[in-house]
Amino acid sequence: MKGSVNFSRREFLAASGLAAGGLAFFGRTRRAFAAAQTPNADMAALRTAMLASPVAVALHRAKVFTRIFQQHEAEPWIVRKALALRTYFETVPLYLREHDGIAGAISETPGAMPLLVELGIAENNIYTSERPDREHYLAGQVPADILDYWANRNMWGLFRTQLAGQPPVKSHAELKQNPGYKFISNQGHLAPSYAELLRVGIGGLRQKVAARRQGEGDAAKLAFLTAADHTLAGLATWARRYGEFLAQEGQPELARICTKIATQPPETFREALQLVWLAHQAIHLEGHGYSCTPDRLDQLLLPFFEADRKAGRLTEAEVLRLAENFTLKLFDNTFWGPEHHLTQGFVVGGSTPDGRDQTNRLSWLLLEGATNMALPEPLIWVRWHPALDQKFFDFCLTRLPRTTCFPMLWSDRAIPAALMELGVSREDAFDYVPVGCNELAVPGRCYYNPGASVNYLAALEAALTSGKGYRQQWKWKNIAPSAPELQTFDQFAAAVGAYMRKQLEQSYAADMKVLQAQMAWGVTPLTSCFFHGCIEHARDMAQGTKYNLLSCGGIGFANAVDGLAAVREVVFEKKAATLGEVAAACAANFAGHERLRAKLRAAPKQGNDEPRLDTIIALAERLRDEPVKALCRDPRDGTPFGNSHVVRSGAVKQGRVTPATPDGRLAGTPLASSVAASVGCERSGPTAVLNSVCKLNSRKSWQCGYQVNIRFHAGMIGDDSQREKLRAMLNVYFQNGGQELQINVVDSAALRAAQQNPDQYRDLVVRVAGFSEFFINLTPDMQEEIIARTEHM
Amino acid sequence: MSTGRVFDIQRFSIHDGPGIRTTVFLKGCPLRCLWCSNPESLDPKPQLSYLAATCIACGACFPVCKPGALTKDAAGKAVVDRARCTNCGDCVAVCDAQALELVGRDMTVSEVMDVVLRDRDYYAQSGGGLTLSGGEPLLQPEFVEELLHAAHNQGLHCCVETAGYAGCEVFERLKRGVDLWLFDYKESDPHLHTKFTGRERETIVARLSQLHDSGAKILLRCPMIPQCNTRPDHLDGIAALARQLPKLVGVELLPYFDLWRAKLPRFGLTTALPDTVKPPTREQMKTWNDHLRGRGVRLAG
Numbered sequence: 038m039k040g041s042v043n044f045s046r047r048e049f050l051a052a053s054g055l056a057a058g059g060l061a062f063f064g065r066t067r068r069a070f071a072a073a074q075t076p077n078a079d080m081a082a083l084r085t086a087m088l089a090s091p092v093a094v095a096l097h098r099a100k101v102f103t104r105i106f107q108q109h110e111a112e113p114w115i116v117r118k119a120l121a122l123r124t125y126f127e128t129v130p131l132y133l134r135e136h137d138g139i140a141g142a143i144s145e146t147p148g149a150m151p152l153l154v155e156l157g158i159a160e161n162n163i164y165t166s167e168r169p170d171r172e173h174y175l176a177g178q179v180p181a182d183i184l185d186y187w188a189n190r191n192m193w194g195l196f197r198t199q200l201a202g203q204p205p206v207k208s209h210a211e212l213k214q215n216p217g218y219k220f221i222s223n224q225g226h227l228a229p230s231y232a233e234l235l236r237v238g239i240g241g242l243r244q245k246v247a248a249r250r251q252g253e254g255d256a257a258k259l260a261f262l263t264a265a266d267h268t269l270a271g272l273a274t275w276a277r278r279y280g281e282f283l284a285q286e287g288q289p290e291l292a293r294i295c296t297k298i299a300t301q302p303p304e305t306f307r308e309a310l311q312l313v314w315l316a317h318q319a320i321h322l323e324g325h326g327y328s329c330t331p332d333r334l335d336q337l338l339l340p341f342f343e344a345d346r347k348a349g350r351l352t353e354a355e356v357l358r359l360a361e362n363f364t365l366k367l368f369d370n371t372f373w374g375p376e377h378h379l380t381q382g383f384v385v386g387g388s389t390p391d392g393r394d395q396t397n398r399l400s401w402l403l404l405e406g407a408t409n410m411a412l413p414e415p416l417i418w419v420r421w422h423p424a425l426d427q428k429f430f431d432f433c434l435t436r437l438p439r440t441t442c443f444p445m446l447w448s449d450r451a452i453p454a455a456l457m458e459l460g461v462s463r464e465d466a467f468d469y470v471p472v473g474c475n476e477l478a479v480p481g482r483c484y485y486n487p488g489a490s491v492n493y494l495a496a497l498e499a500a501l502t503s504g505k506g507y508r509q510q511w512k513w514k515n516i517a518p519s520a521p522e523l524q525t526f527d528q529f530a531a532a533v534g535a536y537m538r539k540q541l542e543q544s545y546a547a548d549m550k551v552l553q554a555q556m557a558w559g560v561t562p563l564t565s566c567f568f569h570g571c572i573e574h575a576r577d578m579a580q581g582t583k584y585n586l587l588s589c590g591g592i593g594f595a596n597a598v599d600g601l602a603a604v605r606e607v608v609f610e611k612k613a614a615t616l617g618e619v620a621a622a623c624a625a626n627f628a629g630h631e632r633l634r635a636k637l638r639a640a641p642k643q644g645n646d647e648p649r650l651d652t653i654i655a656l657a658e659r660l661r662d663e664p665v666k667a668l669c670r671d672p673r674d675g676t677p678f679g680n681s682h683v684v685r686s687g688a689v690k691q692g693r694v695t696p697a698t699p700d701g702r703l704a705g706t707p708l709a710s711s712v713a714a715s716v717g718c719e720r721s722g723p724t725a726v727l728n729s730v731c732k733l734n735s736r737k738s739w740q741c742g743y744q745v746n747i748r749f750h751a752g753m754i755g756d757d758s759q760r761e762k763l764r765a766m767l768n769v770y771f772q773n774g775g776q777e778l779q780i781n782v783v784d785s786a787a788l789r790a791a792q793q794n795p796d797q798y799r800d801l802v803v804r805v806a807g808f809s810e811f812f813i814n815l816t817p818d819m820q821e822e823i824i825a826r827t828e829h830m
Numbered sequence: 387m388s389t390g391r392v393f394d395i396q397r398f399s400i401h402d403g404p405g406i407r408t409t410v411f412l413k414g415c416p417l418r419c420l421w422c423s424n425p426e427s428l429d430p431k432p433q434l435s436y437l438a439a440t441c442i443a444c445g446a447c448f449p450v451c452k453p454g455a456l457t458k459d460a461a462g463k464a465v466v467d468r469a470r471c472t473n474c475g476d477c478v479a480v481c482d483a484q485a486l487e488l489v490g491r492d493m494t495v496s497e498v499m500d501v502v503l504r505d506r507d508y509y510a511q512s513g514g515g516l517t518l519s520g521g522e523p524l525l526q527p528e529f530v531e532e533l534l535h536a537a538h539n540q541g542l543h544c545c546v547e548t549a550g551y552a553g554c555e556v557f558e559r560l561k562r563g564v565d566l567w568l569f570d571y572k573e574s575d576p577h578l579h580t581k582f583t584g585r586e587r588e589t590i591v592a593r594l595s596q597l598h599d600s601g602a603k604i605l606l607r608c609p610m611i612p613q614c615n616t617r618p619d620h621l622d623g624i625a626a627l628a629r630q631l632p633k634l635v636g637v638e639l640l641p642y643f644d645l646w647r648a649k650l651p652r653f654g655l656t657t658a659l660p661d662t663v664k665p666p667t668r669e670q671m672k673t674w675n676d677h678l679r680g681r682g683v684r685l686a687g
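Line order of the protein sequences matches chains V and F.
With the first letter of the first sequence counted as 1, position 95 gets the number 132 in the numbering used here; the numbers rise by one all the way through.
With the first letter of the second sequence counted as 1, position 168 gets the number 554 in the numbering used here; the numbers rise by one all the way through.
Hints are computed from structural coordinates only; laboratory data are not their basis.
Since we're looking at a predicted model, the values are computed, not measured.
Treat the hints loosely; a few may be bogus.
Straight line, CA to CA, 35 Å or less: simulated DSBU-like cross-link-like pairs of lysine-lysine [claimed, not checked]:
id : chain 1 : residue 1 : chain 2 : residue 2
1  : V       : Lys612    : F       : Lys431
2  : V       : Lys428    : F       : Lys633
3  : V       : Lys550    : V       : Lys666
4  : V       : Lys612    : F       : Lys633
Partial list, derived from the structure: chain V residues whose beta carbon lies under 10 Å from chain F [claimed, not checked]:
id : residue
5  : Asp646
6  : Pro723
7  : Leu727
8  : Met753
9  : Val769
Glycine residues also receive a C-beta, built at the ideal position from the N, C-alpha and C atoms.
The shape of chain V in the complex, shown without the other chains (with noise of 0.2 Å):
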């Protein structure tokens, strides 16, 4: 049934090498504090086991999907995959945890992995892309037949042999590529609405679903129908087993609550949260890896929590307790293992289109909860706007040195506005909620989507080079004039413009090919069933949604501001190189061309507020935004690409094979995560990064999200009358036009010592260039990229 790697997550930790230097056990120092901060021991204790779990490949998932899809070969897709989602629902085994108040687990230890084995296998390269000290961890941990079964008959192998035009392969271990990420996680990056799950119950669904069929006779509509209905099903039949399991273990109160949430809606706040959790997980059972957010929790229980609150049903002790517990769901949840997590997250506040403060006792309660148990994952943010109540906006700041990093900080002044550009309407817009690291989405209307990329840095290496690349790699023709035929500024950035024009051909064409296979292979009836239209027009959300948001990416936006910034004044101001010597120097990493470097470093760097980058901001953005207009649409609607600024670890990740650049950055080092500045760049205090962030154009340029990160000290958080300044600080940065923020609460002094002393600082959480995780679980580049970024005193 499962497949457990015999490991405790911090014996893996301590076996996998990188942790020389005793990763053996958690910081019984922190763990005590952090235990502290909650008045519920029983949640600490839970949070105590969840840390302590083993890495463990729940193995239920790939068996049955394995074994449905044989057995079902001639029926369509959607309904086989559907069929394979009940029949796990109706076998896999349940599970209580010690402590837990909340039913639904998804594996017998917390963070088990469920292959989702009908996308993609290969190697879970979820870890082997980005931590290569994880490379064939899996190995031998899935069955051969298993693996050989799916090996051209999954998402990925469909698409490898039917759409990109590959051989099939004799057997899964002649697969030595990785898959992308959607071919591991497919969609993700969604919201799904649960407002009318909680109105009508899954029974109400599965009514619409019965009705909508009537008189349809279009196979494929019936199909996402009967798959719809299969899931639904499955989903009532899981939450039912969950009431007969939990009475039979003495919890007759959380059985009552889940037999009652099979079939019929929920009438308190238990019984909402309880079906939310069970949805949640749901949707991610289906195959949704990355990246989903549970509606916005703080308005959808709201009407609960009042009738509860009211009646006398519930106190907000209770409450509390509750929100930690949800907390400890979701990271129970992180089922990729110690080191990466599926960025779950959930948001708390905003306004309403006509800027009334959506705040409310639940948002505080939340906030608190999630705050209280100081992990990595879930993410908390918290939507930011100009009503907002101010004494809540300091709660929030308070609550930052629990995680170091919580809540991460949305403007509803910048993102819907953004939105609307791209044809959302304003009251969905103004509905948004963060998805993952800084992605964007519309609870059941449109989730995020990357469909075509920029690497900025590679075009910039294009045009220093006529085409070739440092190493001759590449070759490109015609695509814009010589290094040397380009006299001005101007010609050497319309030639970087047509590099990345061509570079945005080709990613568009791939994505689209990647979409293609998604539409036909990466379809999710139960999740459809929690967005708008999908039952109405009998369709799968991957046919299409309200909006269809896709969107370009890129990385390294303000490495490219300074390499333009750079190579302007060294080259065609100072005249102190030619493009020929830029090429070679960064070709060299700049060994024997340490002058140039320097010439280079000195240029005006992004991040300092200053006026001379003006100009280049709205340059690169342009270079970009030029291209993608004129070349994206999606298939489904048409609907014009938005942009956004791809993060993750891609920064550190990426900058390992990113040879060294006109900003003087050297080879394989990261490059910039934040839009903010360049790693080491910042040289002129908050308000200048703030400032700077502000002259981009996030309306027109940056519809999908972009990240700043900016770090402070813990004595400014804990002193009242600082931490008032910095919330008069952040105040005006959101006024001006700032998209997003995370506010990393840490000290160098403090870092230095966790690299010294790991034991006492298991508990640290940073944020890592999108995501949070324990700093001691870092590589030491990583690590020494956190201490890099400069601190404001």
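Chain V is fixed; fit chain F onto it per the hints.
Relative to chain V, chain F alone:
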């Protein structure tokens, strides 16, 4: 328009006056406090700063150094002979790595205001503004007067931090443009005051009293330096002074920091303050604050 000799402009200053501020540091000071946190601020002339860690050993500086103050170490990096260096800055112009820098540059009022105004939204939101510090701003009264005037024209709140050692006429001249004085008071014992700061206490206290009596808003700021002035008799002296000056906005004790020591080698400077002097603990600061509070002193911040 006059120019001022500025050695730093620090944005997001949150310890020098109310709200979020930009602090403009002016070079040159008549005092020589043993613990000065800006040792590069004392000399009014520009000074060469050299950071060996940043040097890339390119060798460009050696031929341009006319007085022959730069020599090569074994790694090819520069070594500055301070006895020969005239702080002319010729080497700075060729130092691409920015290891050699000249600290203290002449800026016009509008150049300074150009930077200051970039954060005006933050001042408005937080009740902050501009702070002039140093060094001793009162050594450059003409520039300070013009800068304060320009800032007031933009509606900015202005603080001036001073050690108080200047002529009466300078205070008279600047009074109108200062919304809040951050007046440093370092030692109550006249003998020790001269020993620690190099100047006599009487002049400073006299200026303080005159300024107070003229109705200026003053925050008295007292640096607490372990082994120097953290004695109960100095704390009592602060309390006594505060009683004599009832219109003070308040008294603020500033904890000593030792980060300035890292700056000394950059400028070839030395210090007479023993390195056994360490920053006070939070508990010590609380004890001293309580001492003052117990004597009826209104504490700020």
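Could you grab the alpha-carbon distance between lysine 550/V and lysine 666/V and see if it respects the 35 Å cut-off?
holds, 19 Å
Mind checking the CB of aspartate 646/V against every CB in chain F and telling me if the closest is under 10 Å?
For aspartate 646/V, the interface hint holds, since the closest Cβ of chain F sits about 6 Å away, which is under 10 Å.
Decide if the proposed pair is consistent with the structure: lysine 612/V and lysine 431/F, CA atoms, cutoff 35 Å inclusive.
holds, 32 Å
Against chain F, run the beta carbon of proline 723/V and see if the smallest gap drops under 10 Å.
holds, 5 Å
With a cut-off of 35 Å on the C-alpha distance, tell me whether lysine 612/V and lysine 633/F pass.
violated, 60 Å
CA of lysine 428/V to CA of lysine 633/F, is that 35 Å or under?
Holds, at roughly 33 Å.
Tell me if the interface restraint on methionine 753/V is satisfied: Cβ within less than 10 Å of some Cβ in chain F.
holds, 8 Å
Min Cβ distance, valine 769/V to chain F: is it shorter than 10 Å?
Where the cut-off is 10 Å and the nearest Cβ of chain F is about 5 Å from valine 769/V, the hint holds.
Can we keep the leucine 727/V interface hint, with Cβ of chain F closer than 10 Å?
Holds - the Cβ of leucine 727/V comes within 10 Å of chain F, reaching about 9 Å at its closest.
Comparing the model with each numbered hint stated earlier shows that hint 4 is the single one that does not hold.
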